[in-house]
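Protein chains in written order, with numbering that gives the first Met the number 0: chain L, 0 to 209; chain E, 0 to 452.
To be clear, the hints were calculated from the coordinates, so they are not data collected in a lab.
Heads up, a few of these hints could be off.
Within a straight-line C-alpha distance of at most 25 Å, the following computed DSS-like cross-link-like pairs (lysine-lysine) qualify [said to hold, decoys possible]:
1) L/41 <-> E/217
2) E/331 <-> E/247
3) E/344 <-> L/41
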Amino acid sequence: MRQAESTNLNVLIVCSGLISKTSCDMEVSVEAKRIMVVALGKLYSSRTQRGGLRLHRSLLLTLVMKSARDMYHEAQTTAESAAPGCEHQQQQQHQSTGEVATEPTGVQTELQGPASLATGKPRTLPGEEVVCSPAELRRDAENKENLCPTPHSRKRRGKAAVEPDFLPCKKAKLEQQLIVNSVLLDYVNCSSELGAHPTPMPLQRAIAAC
Amino acid sequence: MGEDAESPKINHTFLRDYVTEADVISTVEFNQTGDLLATGDKGGRVVIFQRETESKGESEEVGETGDSGEYNVYSTFQSHEPDFDYLKSLEIEEKINKIRWLPQQNAAHFLLSTNDKTIKLWKVSERDKRPEGYNLKDEEGRIKDISTITSLQVPVLKPTDLMVEVRPRRVFSNGHTYHVNSISVNSDGETYLSADDLRINMWHLGITDRSFNIVDIKPANMEDLTEVITAAEFHPHHCHLFVYSSSKGTLRLCDMRASALCDRHTKLFEEPEDPGSRSFFSEIISSVSDVKFSHSGRYLLTRDYLTAKVWDLNMDKGPVETYQVHEYLRSKLCSLYENDCIFDKFECVWNSSDSVIMTGAYNSFFRMFDRETGRGVTLEAWRESSKPRAVLRTRRVYNGGKRRRGDVGVDSLDFTKKILHMAWHPSENIIAIAATNNLYIFQDRVNPEAQVQ
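Same shape as in the complex, but just chain E:
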């Protein structure tokens, strides 16, 4: 694969990783309406994109809705700065691990962003009017000479150019000893959880100096540590339920009504290990990297290194569906271990109707699985095939068997081009794919609305 020549963000490839490391996107998230899309990067910045609502110029076809569907930069701000823990002499990275939007309650938008240690609540508001006609100040803000004022006037709000203001409203710090991997807003709209390797805390959005610890899996003796928490999420409708995944490949559903400390799970979801497939790396590849509730709240989607699994909340014996994302890598685990790729954490997402799941892979490939047919398709997030209006063609990885033209061999996969982060629009077939420091937004023009089952 060639080097990126131009990209939405400045990418001086001759300076390569050192310069652009900060531009690597580390999280992507749509808000509840899908009008806003936020990305966080390793440099601690958040970029918010907004969908255009008015069609500029002529419409494509007669009868088409005014939605041109293009996402443009709405606001950019520095969310987190590099920090230093003086007690442990450790640097705290500014990389944004997760962004979660709050449900909108008024004209302003709120989002939570977190790095390894600190969660922040940001208020994003627009200003498109300003008062004019002050009595004591002139247009430029200078104090008027009192003697020139002969009458009183009421200042009038006049429209101005749109200005987007982003202000930090809350800073939730000192809640975590270990590295925060997830945040999830509760359906009650008042609380949210944050999870690190060993603990999950629940916060109230209005209170920053206190949090409740709801899960603590830290053993009395750290030498007895066998698993860590890898992801956590609140149920989309039931404010008392949340789930967390572990490095052992298990999921635990917890009910906060049962007790204040939810160390004892309400349900444990675990698939018995297949003894025939045991290898040196069995533990690593069974570690769950992401867990997501379906929109219905009935299913869970998890991702481990080689597969994506759908679990039914009512059945804890094992997943109801298992999708092979890149099974051809199973024989390459040793080299993936040596080059660190085996530790990559892929995310997974549902479409709006829970009929399709999507997750990322290597070589800028990402996979979509239709749950009804069980079939998967491989797509590529690559500039050459991503000109505006171009149709994404499906790709195939060749691993023995009949080779077709256009197939990519397993050994020619580029493992530096990994699709780890992605998001699916809450109601339409629009997806946002983060490929290193590039953001791709794909829209389904044929079936823009999700098919409701």
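Isolated chain L, as found in the complex:
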């Protein structure tokens, strides 16, 4: 459990590193992911800031996330029709869980993937209440790891795992993780439930949850 926690948080941070290393030609989707990760970080930290949650700021952040998600989705669609090979398969995997879940799945997959490698169990997020096709997600996660150049991600993860200095203490880590994950979960829940391309829905949950 503890290892999973640390791995997950490492992975979230590693995500941004992974993003830049992704083999995608689509810079748009890379930037989109980065923007989303940053938005999540800001949403999380705004919960602890003095004066309480700022509605305007949270709304803008979720709108940015939505923009980024939409653009990522578009980029993925165009890439899928254009690019063959590894990415193509990857896209198909994503497609199977529903068009929309591409982005959040992508992020969550990255969370789950390496962790599942570490613990050997698909369930990685403590306190998780994933309702939406977890089996598919896990499959994607594992498959994604198989499809993508694993050595890179493995190496990254390992590196991050031995650098716990910049990470806050265990307790804070757990909370941080839970909060971030709950935001993502709402995200994922909504998007998969809705199936097709959603409107503001999933992102606004982030506000309400906050």
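Given the structure of chain L, go ahead and fit chain E onto it with the hints provided.
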């Protein structure tokens, strides 16, 4: 840019942000005559400056009016304290979001100050006389021995040193669930509005336990929320009209005669989005951070992240003028998003004759635009160039093209030095610029009176 060595307020730079955070000025406002200037800061304090009316010492030139024009501290008081919402377990910041002066009706001055939740009405009065010659008390206030009193006298008012007293007269609390961003006094002199993210309330200045909700944009389901209210203001002359801006970049003019609840706007001012300039951050940069009626009441001035726009109340299809404040930042939006600068809320102001508009930028720069020529100028609020009597020189930001000496490169801009708050004297060319915890007051000596068009 170097560190501030000395400043009007104590600024121990080695202690940096932690200590001086409370000194950061969060609002600036002249009163209706321009004789008083109030500033509010993050620590909940209000400082009022008063303009000197008598020239001290010799006049500059023969024929000059007695106005030396210097603003000196008149009074300082703690307006708001940090508070705590026990129900939501949330701290309520004491930062003063806005100050608005009431029109003066007698010798005392009144101002409204607000933090995120509570609005307060303060009375600022002077005392320069005190009664002397009491029958029962002596000079120090001790009760006299009755046997020593042999005659009666009438106490006489004698002049004393000027004392400024500030007292809270009203506290308007529990009116807002969300964070208050604007207050505006009505031209009727009796009411005012306060706006938070989702609602606008109207209060009577004399009644604190009740307010009328005049705008409510809270959706039934918070998940459907798509926009929030960012600023609101009453029309300067028509007591039934007010405007509010939204995070989507729209303005809504509302007429309170139409209905009690003004959810349905009378006019919607919206500029169609340019699809070619769409980016990840389009929504953020189109959010209006400030809206101001012109003194004439005919125009509206709005500020979003990159531009300032002038709208004609008679035309809702789009702004009549658009001014690029710092277009060179458009390609840097991603980094500004990461360092949070993209969320900065800049204010904008009109000059007294509505011929010039002014707004702030980064690197201690602020911009003025002449509406007639359409030309803009960049000025800097920086101590080295701000010695008394020094002439402000114009600055330029270099972003490709021909570079001139003195130009500042886009990448060397200091984004921590932001000019968010400012005010323009109601009748003269005097401006007050808040630069973090410093207040700059600039006066135009060449053309002190505004040119009337």
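Next on the checklist: Tell me the hint numbers this structure goes against, listed in increasing order.
Outcome noted: none
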